[in-house]
Amino acid sequence: KQEVTQIPAALSVPEGENLVLNCSFTDSAIYNLQWFRQDPGKGLTSLLLIQSSQREQTSGRLNASLDKSSGRSTLYIAASQPGDSATYLCAVRPGYGGSQGNLIFGKGTKLSVKP
Amino acid sequence: EAGVVQSPRYKIIEKKQPVAFWCNPISGHNTLYWYRQNLGQGPELLIRYENEEAVDDSQLPKDRFSAERLKGVDSTLKIQPAELGDSAVYLCASSLDVPYEQYFGPGTRLTVT
Numbered sequence: 001k002q003e004v005t006q007i008p009a010a011l012s013v014p015e016g017e018n019l020v021l022n023c024s025f026t027d028s029a030i031y032n033l034q035w036f037r038q039d040p041g042k043g044l045t046s047l048l049l050i051q052s053s054q055r056e057q058t059s060g061r062l063n064a065s066l067d068k069s070s071g072r073s074t075l076y077i078a079a080s081q082p083g084d085s086a087t088y089l090c091a092v093r094p095g096y097g098g099s100q101g102n103l104i105f106g107k108g109t110k111l112s113v114k115p
Numbered sequence: 001e002a003g004v005v006q007s008p009r010y011k012i013i014e015k016k017q018p019v020a021f022w023c024n025p026i027s028g029h030n031t032l033y034w035y036r037q038n039l040g041q042g043p044e045l046l047i048r049y050e051n052e053e054a055v056d057d058s059q060l061p062k063d064r065f066s067a068e069r070l071k072g073v074d075s076t077l078k079i080q081p082a083e084l085g086d087s088a089v090y091l092c093a094s095s096l097d098v099p100y101e102q103y104f105g106p107g108t109r110l111t112v113t
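As you go down the protein sequences, you meet chains L and A in turn. Sequential numbering from 1 applies to the first sequence in our numbering. Sequential numbering from 1 applies to the second sequence in our numbering.
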């Protein structure tokens with residue numbers, strides 16, 4: 001059974017720091033991996049999607065990497081800003097023989113960027 | 001382009017009462033998902049539709065939960081009767097086929113007293 005773990009559960013950094021959020025998964029047979037952001041009381045906003053054949057994706061100050069063999073993904077945030085404060089969720093979509101399963105989420109990392 | 005729309009945003013009911021949530025996916029998205037998110041947890045899938053067909057409802061508590069997606073567009077999730085443990089945020093998401101990138105609505109926060 002696929003399990004997704006995000007460490008740390010919470011992170012507090014001063015404004016301007018570069019930071020890395022970690023995601024690990026137990027089964028390397030994935031179709032893709034998606035990073036989301038969730039603000040308090042809101043739904044999830046898709047940040048980046050990495051296909052299983054890709055190693056990384058970039059969007060603005062965000063860079064996500066994927067290492068299937070080790071079951072790890074990282075989300076790198078450059079020059080953090082107070083507006084980046086939110087919970088970041090990692091989710092994997094299992095893939096078996098060409099079929100696709102449902103997203104399995106981690107519990108998230110709550111990021112606080114202090115001015 | 002309009003995103004995923006959900007209503008209501010908040011609902012407070014007493015236990016044993018019925019409740020319904022509505023979702024309108026992004027136009028053209030054939031796959032629709034209902035998730036439940038408890039505090040401090042990631043979302044967990046309740047049911048997935050591809051067009052009008054429920055292709056995965058293995059996590060839906062069928063004794064009290066029901067869902068429908070008429071004409072392959074809007075969807076309704078119902079709970080009857082609600083229990084205290086049903087208090088959570090109910091999220092709707094939609095996606096196209098490949099690459100199955102999911103887009104979420106704002107959710108409905110349900111409180112059962």
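Derived by calculation from the structure, the hints in this document are not laboratory data. Note that the structure is predicted; figures quoted are calculated from it, not measured. Ideal Cβ placement from N, Cα and C applies to all residues, glycine included. Among the clues, some could well be false.
Unchecked claim - Calculated Cβ distances over 10 Å to all of chain A for the following chain L residues:
#, residue
1, 34
2, 91
3, 113
Said to hold, decoys possible - Derived lysine-lysine pairs resembling DSS-like cross-links, with alpha carbons at most 27 Å apart:
#, chain 1, residue 1, chain 2, residue 2
4, L, 68, L, 114
5, L, 1, A, 11
6, A, 62, A, 78
7, L, 68, L, 42
8, A, 62, L, 1
9, A, 62, L, 107
10, L, 42, L, 110
11, L, 107, A, 78
12, A, 71, A, 15
13, A, 71, L, 107
14, L, 42, A, 78
15, A, 15, L, 42
16, A, 11, L, 110
17, L, 1, L, 68
Stated by the list, open to error - Listing some non-contacts, in silico: residues in chain L with all C-beta distances to chain A over 10 Å:
#, residue
18, 4
19, 14
20, 22
21, 24
22, 42
23, 46
24, 67
25, 70
26, 76
27, 93
28, 107
> Hey, residue 68/L versus residue 114/L, does the alpha-carbon distance stay inside 27 Å?
Replying inline: 33 Å, violated
> Is the Cα-Cα distance between residue 1/L and residue 68/L 27 Å or less?
Replying inline: 16 Å, holds
> residue 107/L clear of chain A by more than 10 Å, beta carbon to beta carbon?
Replying inline: Per Cβ check, residue 107/L is inside 10 Å of chain A; nearest 5 Å; violated.
>> Holds or violated: residue 62/A and residue 107/L, Cα atoms, limit 27 Å.
In response: 25 Å, holds
> Under the criterion that the straight-line Cα-Cα distance not exceed 27 Å, is the pair residue 42/L, residue 110/L satisfied?
Replying inline: 14 Å, holds
>> Minimum C-beta separation from residue 113/L to chain A exceeding 10 Å: can you confirm that?
In response: 20 Å, holds
>> Tell me if the straight-line CA distance from residue 71/A to residue 107/L falls inside 27 Å.
In response: 34 Å, violated
> Going by Cβ atoms, does residue 76/L stay more than 10 Å from chain A at every point?
Replying inline: Per Cβ check, residue 76/L is outside 10 Å of chain A; nearest 20 Å; holds.
>> With the threshold set at 27 Å, check whether the alpha-carbon distance from residue 107/L to residue 78/A stays at or below it.
In response: At roughly 26 Å apart (the allowed maximum being 27 Å), residue 78/A and residue 107/L satisfy the hint.
> Was residue 93/L rightly flagged as not at the interface, with every chain A Cβ beyond 10 Å?
Replying inline: Nearest chain A Cβ is 6 Å from residue 93/L, so the label is violated.
>> Just want to verify: residue 42/L was marked as not at the interface with chain A; is every Cβ pair farther apart than 10 Å?
In response: The claim breaks: residue 42/L does not keep its Cβ more than 10 Å from every Cβ of chain A (closest is about 6 Å).
> Does the claim that residue 34/L lies outside the interface with chain A hold up, using a Cβ gap greater than 10 Å?
Replying inline: Contrary to the label, residue 34/L does not stay out of reach of chain A, its closest Cβ about 7 Å off (not over 10 Å).
In the structure shown, a violation is registered for the earlier hints numbered 1, 2, 4, 5, 7, 12, 13, 18, 22, 23, 27 and 28, in ascending order.
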